[in-house]
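*Asks:* Listed here are the chains, written in short residue letters.
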Amino acid sequence: MLLKFRMSKLKESFQLKAIIILIAFFSNGCFAEQSQYTIGIGNLDHYPYFSANRNSIARDVFDGFADSKGISFEYRPMTISQLHRALLVNDSVDFRFPDHPSWGLDYKQQQKIHYSRGVVEYVDGIITKSERNINSIGKVRVIGAVQGMTLVPYLEVIEENGINVLRTTNFRRLITALINDKVDGVYSNIHVMLGLINESNADVNVSFNYSLPYQRSSYRLSSKKYPDMLKEFDHYLKANSIRIEAIKRNYGITP
Amino acid sequence: MRLLKDTRMLRPYVIIIMFFLLTSLLSVQTWAQDSKGDVTICTEDSQWYPYTFQAKGKIEGSLVELTHRALANAGFAHRIVMMPWRRCLLDVKLGNMDGAIGASFSAERAEYMHYPSDAAAAKFENRAAKWRLEYVEYVALSMKAEKFDYDGDLLALPQPVYLPQGFSLVEELIEEGVVVDTRNRRDLENVDRLLMRKNGSVVLVRPLANYAMGRETYANELSISDHPVVSKSVFLGFSKKGQLTADQRESVWMQLELASENKNEILTEILKLSPDDMKN
Chain A
425 MLLKFRMSKL KESFQLKAII ILIAFFSNGC FAEQSQYTIG IGNLDHYPYF SANRNSIARD
485 VFDGFADSKG ISFEYRPMTI SQLHRALLVN DSVDFRFPDH PSWGLDYKQQ QKIHYSRGVV
545 EYVDGIITKS ERNINSIGKV RVIGAVQGMT LVPYLEVIEE NGINVLRTTN FRRLITALIN
605 DKVDGVYSNI HVMLGLINES NADVNVSFNY SLPYQRSSYR LSSKKYPDML KEFDHYLKAN
665 SIRIEAIKRN YGITP
Chain B
13 MRLLKDTRML RPYVIIIMFF LLTSLLSVQT WAQDSKGDVT ICTEDSQWYP YTFQAKGKIE
73 GSLVELTHRA LANAGFAHRI VMMPWRRCLL DVKLGNMDGA IGASFSAERA EYMHYPSDAA
133 AAKFENRAAK WRLEYVEYVA LSMKAEKFDY DGDLLALPQP VYLPQGFSLV EELIEEGVVV
193 DTRNRRDLEN VDRLLMRKNG SVVLVRPLAN YAMGRETYAN ELSISDHPVV SKSVFLGFSK
253 KGQLTADQRE SVWMQLELAS ENKNEILTEI LKLSPDDMKN
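If you read the protein sequences in the order shown, they are chains A and B.
Going by our numbering, the letters in the first sequence line up with residues 425 to 679, in that order.
Going by our numbering, the letters in the second sequence line up with residues 13 to 292, in that order.
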């Protein structure tokens, strides 16, 4: 009798535990909305646009959106080729920033990637030494650019004119190549590059060369898995446009 | 043997005669340049109303009229010919044409075409250039049912975007990742294509979009974006292999600036041409 009583108590306690475990499992795993997302972010410092280790326009905008949604973003700094793999092959990040439909087309191929509206506008173009007087593509033989960067407005010209591209792993080496005339010009975000050359105190006169092709566009947030989240982000950008313009002004970027 | 000897004797005379003939021919060519020989300018044939189009068999349009006035006032006998835009640009590149009407600035075109000196800077700064023919505004036409209003995001344009081939805007949109359809050569053919397929959008100059919306069949089904997709200066560009010197080009552009003071009157006259006169 006593044994029967103990057995039924044990059964009840087991059922209770099972119910608790099931509730805990479903509340954390299946039914609750995901609250933390990862953004793979370019590790080459493009301050004030985006940066892996300091505040920037992009980070302020993303964090503002995360606050409004009650979620959080974890930022993972990566090289451009790591970003391609993380988003397209490994699925190891939920979002990528910056991204653009024209970048890395060889990697993207048939994959369906979703893009947000532009987060912040930029101009990618060629910076040349003023003394070189390079005023046409015909005078360009070697362009410097960081690894993985797509030279969108030069894709056809490079082939047609037999232009070489010298790749470096960081901006410092790119600046050195420009100073030492190893390249005729460097292709980059013009605001970022001119700022870095200025900070380097190099004894060189350089300027953005708008006689040569350039791309005026916007950095976008991309995702393979979360198109709906991108739509919500787009809505946030539109609804908070005044706040976002203020963030850009705060970092010295005016429209 | 004697005949051979005579022939040999003649050779120096033949050479001297040929020398004089060549010299006189060259001097005629030089004279022709000095006296401003006929300048040939091409314009596109895609019915770019009201800027350059064909009506009742004549080449018309505000840009055509401005070009006529500028070249005439600068003292040039000239003729304007109409052809597909890509061929026009190719002929300017090869030097078969002295210039092209309505070319926007691009670094690639600047390799073979002279533009006014502020053309590149004006493009970068998103402003109208000083010696432009016109500052042109492009808008988007889309299906009314789509409820689309352009707000600055090119990727949000209903796609495909129908555009005529050879326009610099085609490259600019492709670089932004926009899907572009360039099967038709004319804007109004593209509007018909949009109506037939009921998806995508047509990006075209605002006056032509307004004209399209003036047709009842179009107005019932299409809507026009208020915010321009892009605005750009278009120029009278001159071939780098053409006959005009730097001073001559500058004098034409200066005359263009003077003629542009009457641009509104010119445009009013052009707009009096019934759109039905246009040869689609």
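What the hints contain is simulated information worked out from the structure, not anything from laboratory work.
One should not assume that every hint holds.
To be verified - Derived pair list, reagent style DSS-like, types lysine-lysine, alpha-carbon separation capped at 30 Å: (1) A:K563 with B:K252; (2) A:K649 with B:K159; (3) B:K284 with A:K648; (4) A:K536 with B:K253; (5) B:K142 with A:K563; (6) B:K68 with B:K252; (7) A:K648 with B:K105; (8) A:K553 with B:K159; (9) B:K70 with A:K672; (10) B:K105 with A:K563; (11) B:K210 with B:K70; (12) B:K210 with A:K553; (13) A:K536 with B:K252; (14) A:K655 with B:K156; (15) A:K563 with B:K253; (16) A:K493 with A:K606; (17) B:K210 with A:K532.
These numbers were taken from a predicted model, which means no experiment stands behind them.
*Asks:* Against this structure, judge whether each hint is valid.
*Replies:* Each hint tested on the structure:
1. With a CA separation close to 16 Å, the supplied pair K563 of chain A and K252 of chain B stays within the 30 Å bound.
2. Restraint check for K649 of chain A and K159 of chain B: satisfied, since their Cα atoms lie roughly 27 Å apart, inside the 30 Å limit.
3. For the hint pairing K284 of chain B with K648 of chain A, the CA-to-CA distance comes to about 53 Å; that exceeds 30 Å, so the pair is violated.
4. For the hint linking K536 of chain A to K253 of chain B, the alpha-carbon distance of about 46 Å lies beyond 30 Å, and the restraint is violated.
5. Distance restraint check for K142 of chain B and K563 of chain A: the Cα-Cα separation of roughly 27 Å lies within the 30 Å cut-off, and the hinted pair is therefore satisfied.
6. Between K68 of chain B and K252 of chain B the alpha-carbon distance is near 33 Å, which puts this suggested pair outside the 30 Å criterion.
7. With a C-alpha separation of about 44 Å, the suggested pairing of K648 of chain A with K105 of chain B is violated against the 30 Å cut-off.
8. Between K553 of chain A and K159 of chain B, the direct Cα distance comes to roughly 49 Å. Violation of the 30 Å bound is thereby established for this hinted pair.
9. With a CA separation close to 52 Å, the supplied pair K70 of chain B and K672 of chain A exceeds the 30 Å bound.
10. Straight-line distance between C-alpha atoms of K105 of chain B and K563 of chain A comes to about 18 Å, which keeps the hinted pair within the 30 Å bound.
11. A hinted pair counts as satisfied when its Cα atoms are at most 30 Å apart, and K210 of chain B with K70 of chain B does not qualify at roughly 34 Å.
12. Among the hinted pairs, K210 of chain B with K553 of chain A is inconsistent with the structure: their alpha-carbon atoms are about 51 Å apart, more than 30 Å.
13. Note on K536 of chain A and K252 of chain B: the hinted pairing is violated, with a Cα-Cα distance of about 45 Å set against a maximum of 30 Å.
14. For the given pair, K655 of chain A sits about 22 Å from K156 of chain B by alpha-carbon distance, which is consistent with the 30 Å threshold.
15. Between K563 of chain A and K253 of chain B, the direct Cα distance comes to roughly 18 Å. Compliance with the 30 Å bound is thereby established for this hinted pair.
16. Distance restraint check for K493 of chain A and K606 of chain A: the Cα-Cα separation of roughly 49 Å exceeds the 30 Å cut-off, and the hinted pair is therefore not satisfied.
17. For the proposed pair K210 of chain B and K532 of chain A, the alpha carbon gap of about 29 Å is at most 30 Å, so the pair holds.
Checked against the numbered hints above, the structure violates hints 3, 4, 6, 7, 8, 9, 11, 12, 13 and 16; every other hint is satisfied.
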